[in-house]
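Undergrad: Here is what each chain is made of, one letter per residue.
There are 2 protein chains.
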Amino acid sequence: MITRMSHLFLRTLRDDPAGAEVPSHKLLIRAGYIRRAAPGIYSWLPLGLRVLRRVEDIVRREMNAIGAQELAFPALLPREAYENSGRWNEFGDGLFRLKDRKGADYLLGPTHEEMFTSVVKSEFTSYKDFPVTLYQIQNKYRDEERPRAGILRGREFVMKDSYSFNMDDAGLEESYQNHRAAYQRIFDTLGIEYAICFATSGAMGGSASEEFLAIAENGEDTFVRSTSSGYAANVEAVVTPVPDARPIEGQPEATEYDTPDSETIETLVNWARQEDIRLDGRVVEAADTLKCIITKVTQPGCDDEGNAYQPELTGILVPGNREVDMKRLEASLDPATVELASEEDFENNEFLVKGYVGPRALAANGVRILADPRVVDGSSWITGADAKNRHVVGLVAGRDFTPDGFIEAAEILEGDPAPDGQGSLTLSRGIEIGHIFQLGRKYTEAYDVQILDENGKRTVPTMGSYGIGVSRLIAVIAEQMHDDKGLRWPTAVAPFDVHVVIANKDAAAAEAAENLSEKLSTAGVEVLFDERPKVSPGVKFKDAELLGMPLVVIVGRGFADGKVEVRNRLTGETTEIDYETAVQTIQEMRGA
Amino acid sequence: MITRMSHLFLRTLRDDPAGAEVPSHKLLIRAGYIRRAAPGIYSWLPLGLRVLRRVEDIVRREMNAIGAQELAFPALLPREAYENSGRWNEFGDGLFRLKDRKGADYLLGPTHEEMFTSVVKSEFTSYKDFPVTLYQIQNKYRDEERPRAGILRGREFVMKDSYSFNMDDAGLEESYQNHRAAYQRIFDTLGIEYAICFATSGAMGGSASEEFLAIAENGEDTFVRSTSSGYAANVEAVVTPVPDARPIEGQPEATEYDTPDSETIETLVNWARQEDIRLDGRVVEAADTLKCIITKVTQPGCDDEGNAYQPELTGILVPGNREVDMKRLEASLDPATVELASEEDFENNEFLVKGYVGPRALAANGVRILADPRVVDGSSWITGADAKNRHVVGLVAGRDFTPDGFIEAAEILEGDPAPDGQGSLTLSRGIEIGHIFQLGRKYTEAYDVQILDENGKRTVPTMGSYGIGVSRLIAVIAEQMHDDKGLRWPTAVAPFDVHVVIANKDAAAAEAAENLSEKLSTAGVEVLFDERPKVSPGVKFKDAELLGMPLVVIVGRGFADGKVEVRNRLTGETTEIDYETAVQTIQEMRGA
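Residue numbers (our numbering), protein chains in the order written: chain A, 6 to 597; chain B, 6 to 597.
Bound-form chain A, shown alone (with noise of 0.2 Å):
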């Protein structure tokens, strides 16, 4: 079937949407592929929709091939569905809660790993049915604190989810690299740049978890690679290599200087050269001093008397040349929640001293101490004195203090060594655009399956949890994909295969047009016709530029020698064919 210019409901905008900031946002809104419903919250219109259904088809393809059977659970679920696993409140704000005309509660699914645990449950009981693997592709809602960058982070989304169940973990590590090629052969189709890493377990609890990153500027998610593997990881998942300890026999005493307007590591290390201090006879840098953040983290849940657990001061310590890097500090401390200690907590504890602190003070005063995983014993820092414009040089850990543990909060730098102990690392940004993740027996547990294995021994199963952002893909191959002029769709997504343009008043050149259409279309091509007779070839040429559909094939002023145009928007290149042999051509020309 042909759709024509003049029928399809689209209207193309020349001037970026208000608030767009990233241009696979307002593209797909310039392009009319979506509209804006509310914040995080979109329509699409008819050219959008194509693009997400052949999205959806090409993630269906491979989790069918894998064995993965659809099925299809409600958006609107009853409370009690989730109050097992807990996560009626840990959801937080980010769970949309309603009440029914009967003040029933409901929510809208996020995720739905209660839901695909509970039907397992109740239709399954014999080691003979398993290993199974459910999907659906399907609404998601999240209560996003801040929806942005259109579809590539919004409130109402599409998602794949799918769930293994095995009885022993050998068959998740299977179904978990099925879905893993799975997963590189949807995002090779779609020809995404991506890199797969090492992802920490964020809130889900489990084991091994891998994300899958489009490689984007504009994405929210920094991640690391090495230059000389195939080492990639989220930055929350880098493990710092450790360094060997040091002897601290022989290591000279710790000495107190006043060391006046040197509150930041700049002016410390300053101070320290002009003063001609040395550690381990070399010259002071950055990374040989300490810094100290306070925190205040809390542990989730309730006492045994029912009181939620208090926040608790904690010292951070990290090497003077870097920053605490929230994100990692958060994924290290998880389930616990943390907060920078604020003023009040400064005036609170006497022996905070603003700018001084070092670990003695803190030990000294019961303070729970976490240290970057470079402090091994034996090591030697420069670091505050726990008095206003005094520090401490040489304070050996091991000896001067000893922390309550180690943690990963240090920022990654570009160039620290790889954790495979292959090369360096880079830093690149990305968006998450799938998830697998070994989640182990969290849930089973919680409702409580149990299969009668092979010897009639009641077993619980474990789960495997994988998740593609499908809507969230036409964001990324629009944002990869794109150049000045507008969208260009790979031919796997393309809402349509050809887009066919009169660009001649000519009578003849308009049916010989139609024609074409008419053949490519009988030969299984999806054709967008622009045949607006009162629009100029500019404005045309401009809006398939804008469109992006992956061939234009343009009849115009060459037809008069029995010539059409065909502009291949992926490659840029312009070729002239012959009319007579054009639908044989294209078809070439797409194939290729």
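FYI, nobody ran anything at the bench for these hints, they're computed from the structure.
Careful, some of the hints might be misleading.
Here are the simulated lysine-lysine pairs, DSSO-like style, with alpha carbons at most 27 Å apart [what the hints assert, rightly or not]:
no.	chain 1	residue 1	chain 2	residue 2
1	A	Lys510	B	Lys133
2	B	Lys539	A	Lys31
3	A	Lys126	B	Lys539
4	B	Lys539	A	Lys133
5	A	Lys510	A	Lys547
6	A	Lys301	A	Lys393
7	B	Lys539	B	Lys510
8	B	Lys510	A	Lys133
9	B	Lys539	A	Lys462
10	A	Lys104	B	Lys107
11	A	Lys510	A	Lys490
12	A	Lys490	A	Lys447
Bear in mind the structure is a predicted one, so any value in this text is a computation, not a measurement.
Using the hints, position chain B against chain A.
TA: The following block gives chain B in isolation, referenced to the frame of chain A:
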């Protein structure tokens, strides 16, 4: 691709689920097509989802064929979008409302007139863009007071809703007729038995409207058909043929009688016959008596001073052989609401003598009287005399009392004359599966949609609204097609085309069944293959009957002689066919 029963996520149930009343509900649960998640909210398991998708595709194909363009609005919608139309309030308790984390009001879309009107307003400005028809197939939400019968009346359900926008009434009529024809093709393809009924507009406001009702004993809607013409209508839409007025002059004066123990129509008629009372010389029938039903009618909205309108006493007059049909009464009074008068109302109004109310007391006390259309001028009645144990005989309309208006409120009786003058009416029950509706300018005016016509003049386009209850159709098909053994799916929507069953322990037969399944699958037939090794043939046959694929192919005892058995689940026929040519034979049987 072959789907194997040992792999399929399915558990069939031997027993009917608790609380299920209608066959479609019982069978869809027992056969593992759907599962209940909450009242009126269901999960689609793999078999059910396959049927749903096939039905959606049939609907989509026919909508595309009439030039409708698919898009997708969010289900989560901002309150503002439903303010202009007044429906944020009008929907009452039927609307799921919620707040986001910032306290802003949202709703779950019950129907999307507002969104479609807004998007046309924002994208289109010129008559050249019209006509345009848009549609979506999407989850809708209505907080039904009494969700029932599984997916027959759910609170989350899939609906196709489309909307046409035309510059003039002739265009609307054309769009309407296009939809009507498309709906017929859809329901014919699905093999549904249905009637197209004239419908009232209900709460939607507007003019021409027809409902497609699937014939079903368990249907909630009663409708009528003519014995001699194609006339069919919702009971709410039946217009009573008005008898000719009769001459008043010459009729005897009204006479009051003591009528002890005659509070019901039956006892009253008995009394009249015993007393040999005649009307126009005829023996008295129940139809000669006049019932006076006291109601309270409340107009919507409020007066100029912002006070909500108070309920107003209203007398409804109907011939004594008919009950007041509250659905017809409500539809006639809409948008006003109506309830029966309470004991208190009778106590507060002494002129209302229970069991003996007549039109004279109502008129004397300023109570509005709305009469059945049969109460023509000159018609003579036996009715209450407004005093205990007293009735009046020969009360003549237009002489002794005059209704303030006429109303369709009396029940329709089997055998009533058809409104089109051809034949009489029969009553049937049905399930609404589609509704087409010439909505007019209600929404385009509310949203101030102004389009420039050929002369550059601002014109408000006119709108049609058209709905199909897509998920409900699955229940309707199950309801119409099932037998006592289970489901029976028409070829167009069956989850699988062919169900192959191994019913023989012989390894060669099992291999032959496997080969046959492979070959069918390669030939494009969707195969469900029951290869479960430890399940008896009897159980497999029972499952096949319950699941309801149109063709069941059994590789069993006959295989030793090169034969396999084909059971046609729709016709009940069993055929032996040659194994060697089975693929071709089965394909022919499918087409047949």
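Undergrad: Hinted pair, alpha-carbon criterion (27 Å max): Lys539 of chain B, Lys510 of chain B. Please report holds or violated.
TA: Given that 27 Å is the threshold and the Cα spacing comes to 10 Å, the pair holds.
Undergrad: Assess, step by step, whether the Cα of Lys539 of chain B is no farther than 27 Å from the Cα of Lys133 of chain A, and give holds or violated.
TA: 11 Å, holds
Undergrad: Could you grab the alpha-carbon distance between Lys104 of chain A and Lys107 of chain B and see if it respects the 27 Å cut-off?
TA: 17 Å, holds
Undergrad: Taken at face value, is the distance from the CA of Lys447 of chain A to the CA of Lys490 of chain A at most 27 Å?
TA: Violated, because 49 Å separates the two Cα atoms, which is more than 27 Å.
Undergrad: Mind checking the alpha carbons of Lys539 of chain B and Lys31 of chain A for me, to see if they're no more than 27 Å apart?
TA: 59 Å, violated
Undergrad: Does the alpha-carbon distance linking Lys510 of chain A and Lys490 of chain A stay inside the 27 Å limit?
TA: It holds: about 25 Å lies between the C-alpha atoms, which stays within 27 Å.
Undergrad: Are Lys510 of chain B and Lys133 of chain A close enough, with their CA atoms no more than 27 Å apart?
TA: Cα-Cα ~20 Å, so holds.
Undergrad: Between the alpha carbons of Lys126 of chain A and Lys539 of chain B, is the straight-line distance 27 Å or under?
TA: 22 Å, holds
Undergrad: Hey, Lys539 of chain B versus Lys462 of chain A, does the alpha-carbon distance stay inside 27 Å?
TA: 20 Å, holds
Undergrad: Tell me if the straight-line CA distance from Lys510 of chain A to Lys547 of chain A falls inside 27 Å.
TA: Distance ~18 Å between Lys510 of chain A and Lys547 of chain A Cα, so the pair holds.
Undergrad: Does the structure keep Lys301 of chain A and Lys393 of chain A at a Cα separation of 27 Å or less?
TA: 23 Å, holds
Undergrad: Next pair to validate is Lys510 of chain A with Lys133 of chain B; report whether the Cα-Cα distance is within 27 Å.
TA: Measuring from Cα to Cα gives roughly 20 Å; hence the hint holds.
Violated hints, in rising order: 2 and 12; the structure is consistent with all others.
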